[in-house]
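Throw the hints in and build the complete structure from the sequences for me.
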Amino acid sequence: MKDDSKNVVDMDGMRVDDDHLLSMYIDGELDAERTISLAGRLKRETALRARLSAMENSDRLVKKLYASHSADAGQALTALIQSKNVAILKPTARWREWATGAIAASVMAVVALSLITEQSTFNPMTMDEHLAQALEHSPSRASGWEQLDGARDFRSVLTFPAADGRWCREFMLAHNESHWRGVACRDEGTWVNQVVGSEVFLERETQYRPAGAGDTEKVARFIDETAADVALGPQQEAALIASGW
Amino acid sequence: MSSLTAQQRQELIDELPRLKRFCLSLTSDPSDADDLLQVTVERLLEKGMPADAHVAKWSHRVCRNLWIDEIRSRDVRNRYAQAEGAVEGAGTTAENSEESVQLDRVSAVMERLPPEQRAALVQVAVEGCSYAEAATILEVPIGTIMSRVARARKALTEDLEWKTEREA
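Chains A and B are the protein sequences, given in the same order.
Every letter in the first sequence is one number past the one before it in the working numbering, and letter 23, counting from 1, is 23.
Position in the second sequence (first residue = 1) + 1000 = the working numbering.
Hint data in this document are derived by calculation from the structure and do not stem from the laboratory.
Among the hints, erroneous ones may be present.
List of simulated lysine-lysine pairs, BS3-like, C-alpha gap at most 25 Å [said to hold, decoys possible]:
{"#": "1", "chain 1": "B", "residue 1": "LYS1057", "chain 2": "B", "residue 2": "LYS1047"}
{"#": "2", "chain 1": "A", "residue 1": "LYS63", "chain 2": "B", "residue 2": "LYS1047"}
{"#": "3", "chain 1": "B", "residue 1": "LYS1057", "chain 2": "A", "residue 2": "LYS64"}
FRET-style restraints, in silico, Cβ to Cβ [to be verified]:
{"#": "4", "chain 1": "A", "residue 1": "ILE36", "chain 2": "B", "residue 2": "ARG1112", "range": "32 to 40 Å"}
{"#": "5", "chain 1": "A", "residue 1": "GLU146", "chain 2": "B", "residue 2": "SER1130", "range": "57 to 65 Å"}
{"#": "6", "chain 1": "A", "residue 1": "GLY244", "chain 2": "B", "residue 2": "HIS1054", "range": "38 to 46 Å"}
{"#": "7", "chain 1": "A", "residue 1": "ALA238", "chain 2": "B", "residue 2": "ALA1006", "range": "36 to 44 Å"}
Here are some, though not all, of the chain B residues that point toward chain A, as calculated from beta-carbon distances under 8 Å [what the hints assert, rightly or not]:
{"#": "8", "residue": "LEU1012"}
{"#": "9", "residue": "GLN1038"}
{"#": "10", "residue": "TRP1058"}
{"#": "11", "residue": "VAL1062"}
{"#": "12", "residue": "ARG1064"}
{"#": "13", "residue": "ILE1068"}
{"#": "14", "residue": "VAL1122"}
{"#": "15", "residue": "MET1146"}
{"#": "16", "residue": "ARG1153"}
{"#": "17", "residue": "LEU1156"}
{"#": "18", "residue": "GLU1161"}
As the structure is a prediction and not an experimental result, all values here were calculated from the model.
Note that the Cβ used here is the ideal one computed from N, Cα and C, for glycine as well.
What follows is the structure in structure tokens.
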């Protein structure tokens, strides 16, 4: 295998050894002349045949390894890609936070996936007319709920100015026993979700999900990073709503 | 550039399995690969792409650039510790079947390959790319792909044979 007499020159003028030749042979990248030549040698040379077999076996194992890792690829991300009217948060600076925090996008992806599999019409990632109207007209409140439609309850939590000049609102949605917390900002007359996370199941402690607390933190972090000032007081908010934002 | 078109979104969804394998070929760590895929998708959704862009090539380029940014900024010692843990974990959680043992071996050997060789090998041997296609995705000359793939196969084959002989 390391016999220089067997070295040949490839199309770019580089000298290649048998391993290079075998590799190109496996990939179908050898020209006809060298393929015929190599095939002849493979018939005669046992060691060369064994080497080819070992390389092909390595390839088979690598394919299997990568197939096993990609079997579930992107299932959670599919919902995120399919969803519209969702702005993606600025990626966090530290790589590991992407895994543990999974910022809003992954939260939204999981949320959307679970909802889609339930074949429910409720998808907090989608800004529908009911939610947009509630954000446009409903004052914030500390407790209580406003019925949004037949299936959902809504509560605006606070209103704040973003650094880019938009008005944003933190809100909560309730659907069955699940609660969702998010922030939407008014962008040229249209409410656009910025971040949506699942809350803990408030009504039933037995269904408490630790991940929910992390989701809430992401909403809080978004507000910290985005808000240009403190939240509006009730009178300021009422005036803003009355003025049509 | 603005948000992705409906067609680009669908093409990106179709591309996810391959993109995931590409992430793994770059990082060699499943957790890092998940992170990288996540961030790549987020970046694509955030920044969009030109209307006439080839979704697969564009997404691979974004992914690769994000990984380069990451390894430039990552703390080397921290990375080393995580990699060591991942290798040890892969070995200890293996099932008792021969296939699992073999896959653990391959995983460990792939981990040790230089990243550029690993990425080239995966594009060609796993994804079935021609050398020209792999060269486009990885943005290197065709001859470089040929050389990297061959060296990766050589290292992989010899390492696996050596391991097998040692354990026999």
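Outcome of the hint check:
1. For the hint linking B/LYS1057 to B/LYS1047, the alpha-carbon distance of about 15 Å falls within 25 Å, and the restraint holds.
2. Using a Cα cut-off of 25 Å, the hinted pair A/LYS63 and B/LYS1047 is violated, with the two alpha carbons roughly 32 Å apart.
3. Of the pairs offered as hints, the one joining B/LYS1057 and A/LYS64 holds, with about 24 Å between alpha carbons and a cut-off of 25 Å not exceeded.
4. Checked against the hint of 32 to 40 Å, the pair A/ILE36 and B/ARG1112 passes, with Cβ atoms roughly 36 Å apart.
5. The hint said 57 to 65 Å for the Cβ distance between A/GLU146 and B/SER1130, and at roughly 59 Å that hint holds.
6. A hinted range of 38 to 46 Å for the beta carbons of A/GLY244 and B/HIS1054 is consistent with their spacing of about 44 Å.
7. At about 40 Å, the CB distance of A/ALA238 to B/ALA1006 agrees with the hint of 36 to 44 Å.
8. Interface hint status for B/LEU1012: upheld, as the beta-carbon distance to the closest one in chain A is roughly 6 Å, under 8 Å.
9. Because the closest C-beta pair between B/GLN1038 and chain A is about 6 Å apart, less than 8 Å, the hint holds.
10. At a threshold of 8 Å, the smallest CB-CB gap from B/TRP1058 to chain A is about 14 Å, leaving the interface hint violated.
11. This hint is violated: B/VAL1062 has a C-beta 12 Å from the nearest C-beta of chain A, more than the 8 Å allowed.
12. With its C-beta approaching chain A no nearer than about 15 Å, B/ARG1064 sits outside the 8 Å limit, and its interface hint is violated.
13. Violation of the interface hint for B/ILE1068 is found here, the shortest Cβ-Cβ separation to chain A being roughly 12 Å, above the 8 Å cut-off.
14. For B/VAL1122, the shortest C-beta to C-beta distance to chain A is roughly 6 Å, which falls under 8 Å, so the interface hint holds.
15. Annotation: B/MET1146 was flagged as interfacial toward chain A, and the flag holds, the nearest CB pair being 6 Å apart, inside 8 Å.
16. Evaluation of the B/ARG1153 hint against chain A yields a held restraint, the C-beta minimum of about 5 Å falling below 8 Å.
17. Interface restraint check for B/LEU1156: the shortest CB-CB distance to chain A comes to about 5 Å, inside 8 Å, so the restraint holds.
18. With 8 Å as the threshold, the beta carbon of B/GLU1161 comes within range of chain A, its nearest partner Cβ sitting at about 6 Å, so the hint holds.
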